[in-house]
Amino acid sequence: MRWLAEVRVTLRPGIADPEGQTIASGLRSLGYDTVTEVRAGKLMRIAFEAETAADADATVADMCRRLLANPVMESATWELRADEEQQAAEAVTG
Amino acid sequence: MTATVATTARPRVAVVVFPGTWSERDFAHVGSAVLGWDVRLVWHLETELGTPDAVVLPGGFAHGDHLRTGAIARFSPIMRAVEAFAAAGGPVIGSCNGFQVLTEAGLLPGVLMRNDHLEFRCDWQWLRVERTASAEPWLADLADGEVLRLPISHGEGRYVADPATIDELEASGRIVLRYATADGTIDPAANPNGSEHAIAGIVNPAGNVLGLMPHPERAAEAEVGGSDGLRLFRSLERWLQGRPAAAERRL
Numbered sequence: 155m156r157w158l159a160e161v162r163v164t165l166r167p168g169i170a171d172p173e174g175q176t177i178a179s180g181l182r183s184l185g186y187d188t189v190t191e192v193r194a195g196k197l198m199r200i201a202f203e204a205e206t207a208a209d210a211d212a213t214v215a216d217m218c219r220r221l222l223a224n225p226v227m228e229s230a231t232w233e234l235r236a237d238e239e240q241q242a243a244e245a246v247t248g
Numbered sequence: 006m007t008a009t010v011a012t013t014a015r016p017r018v019a020v021v022v023f024p025g026t027w028s029e030r031d032f033a034h035v036g037s038a039v040l041g042w043d044v045r046l047v048w049h050l051e052t053e054l055g056t057p058d059a060v061v062l063p064g065g066f067a068h069g070d071h072l073r074t075g076a077i078a079r080f081s082p083i084m085r086a087v088e089a090f091a092a093a094g095g096p097v098i099g100s101c102n103g104f105q106v107l108t109e110a111g112l113l114p115g116v117l118m119r120n121d122h123l124e125f126r127c128d129w130q131w132l133r134v135e136r137t138a139s140a141e142p143w144l145a146d147l148a149d150g151e152v153l154r155l156p157i158s159h160g161e162g163r164y165v166a167d168p169a170t171i172d173e174l175e176a177s178g179r180i181v182l183r184y185a186t187a188d189g190t191i192d193p194a195a196n197p198n199g200s201e202h203a204i205a206g207i208v209n210p211a212g213n214v215l216g217l218m219p220h221p222e223r224a225a226e227a228e229v230g231g232s233d234g235l236r237l238f239r240s241l242e243r244w245l246q247g248r249p250a251a252a253e254r255r256l
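If you read the sequences in order, they're chains S and X. Those letters in the first sequence? Residues 155 to 248, per this note's numbering, in order. Those letters in the second sequence? Residues 6 to 256, per this note's numbering, in order.
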């Protein structure tokens with residue numbers, strides 16, 4: 155079964171984020187005076203195969219731990235869903 | 006069984022090359038033409054280093070620095086051999102991107118993040134040497150408090166680690182190079198990237214693995230503006246002379 159994971163990697167609280175600070179300063183210079191903080195991060199969409207939802211979730215957790223996030227300064231969260239479009243397409247062509 | 010093999014005075018040095026590495030030729034030039042070393046470039050897909058006396062992880066942008074600097078290089082096949090060489094006490098130096106690879110591989114703690122001002126910084130930089138603990142082989146010829154002048158060339162050199170790690174590095178004397186002024190003063194104005202505790206270089210607990218953001222290989226001949234980088238390489242030579250050659254160690 156095919157799954158889609160959306161993984162968000164963000165800097166942990168307390169880790170300075172000069173990129174986010176620069177974006178915040180840009181927003182304020184555009185007139186968005188109420189912006190108090192911007193934190194920049196990464197979004198990754200990962201398509202992969204797994205037997206069950208539990209397997210898929212465990213696989214994403216493993217990917218995050220081994221490669222996608224560096225625990226020294228980052229943490230990862232993710233959303234997981236079955237890739238229904240892909241499965242529907244396979245049903246039509248199959 | 007043969008008798009003791011005559012020791013060779015020529016250090017054998019393996020320089021690891023990832024796709025995107027850019028300083029391997031400078032290391033090879035300095036090693037071969039300036040120091041007379043036996044230098045071998047080792048492609049990242051190789052699994053053996055040969056029998057080097059030391060291993061170099063040069064600067065550059067390994068694997069395009071995608072995801073994070075050094076994050077993909079860490080999984081290159083040659084890194085298993087580098088890890089084994091380091092664990093056996095072999096001298097390893099990682100400069101710039103090489104330092105980033107060493108932290109991602111877990112051979113050194115912490116991480117190198119975007120410079121606090123977000124600019125790429127290419128300049129000469131003064132560095133204070135700190136030798137309160139053993140930092141051989143790379144700093145064997147350097148004294149505590151000495152000031153070196155080396156080039157830096159990086160966009161992601163801001164050293165970050167959790168407070169417990171920084172405390173442990175400080176307490177164990179493993180911060181061996183700090184960004185400083187010409188007279189060796191640690192001053193925020195002399196810190197080119199916002200590194201915590203002005204950290205420019207650290208060693209592992211055994212002292213054999215050195216990671217540093219500056220480029221010693223770019224300052225090894227007076228013609229290029231300075232030769233302080235030679236101090237590290239001469240340190241290695243002297244340290245190697247003081248121990249049995251590899252052929253003897255195997256007997």
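Worth flagging that the hints you see were computed from the coordinates, not collected in a lab. Since the structure is predicted, the reported quantities are computational estimates derived from the model, not experimental observations. Heads up, a few of these hints could be off.
[What the hints assert, rightly or not] Over 12 Å on every C-beta distance to chain S, these chain X residues come out as not near it, computed from the model:
1. Thr56
2. Arg73
3. Phe80
4. Ala86
5. Arg119
6. Glu124
7. Glu141
8. Ala166
9. Pro168
10. Thr170
[As the list claims (entries may be wrong)] Partner residues are not named here, just some residues of chain X that face chain S (Cβ under 10 Å, in silico):
11. Leu72
12. Thr108
13. Ile191
In this text, a Cβ means the ideal position worked out from N, Cα and C, and glycines have one as well.
> Among the hints numbered above, which are violated by the structure, and what are their numbers in rising order?
Replying inline: Hint check: 2, 3, 5, 6, 8, 9, 10, 13 fail, others pass.
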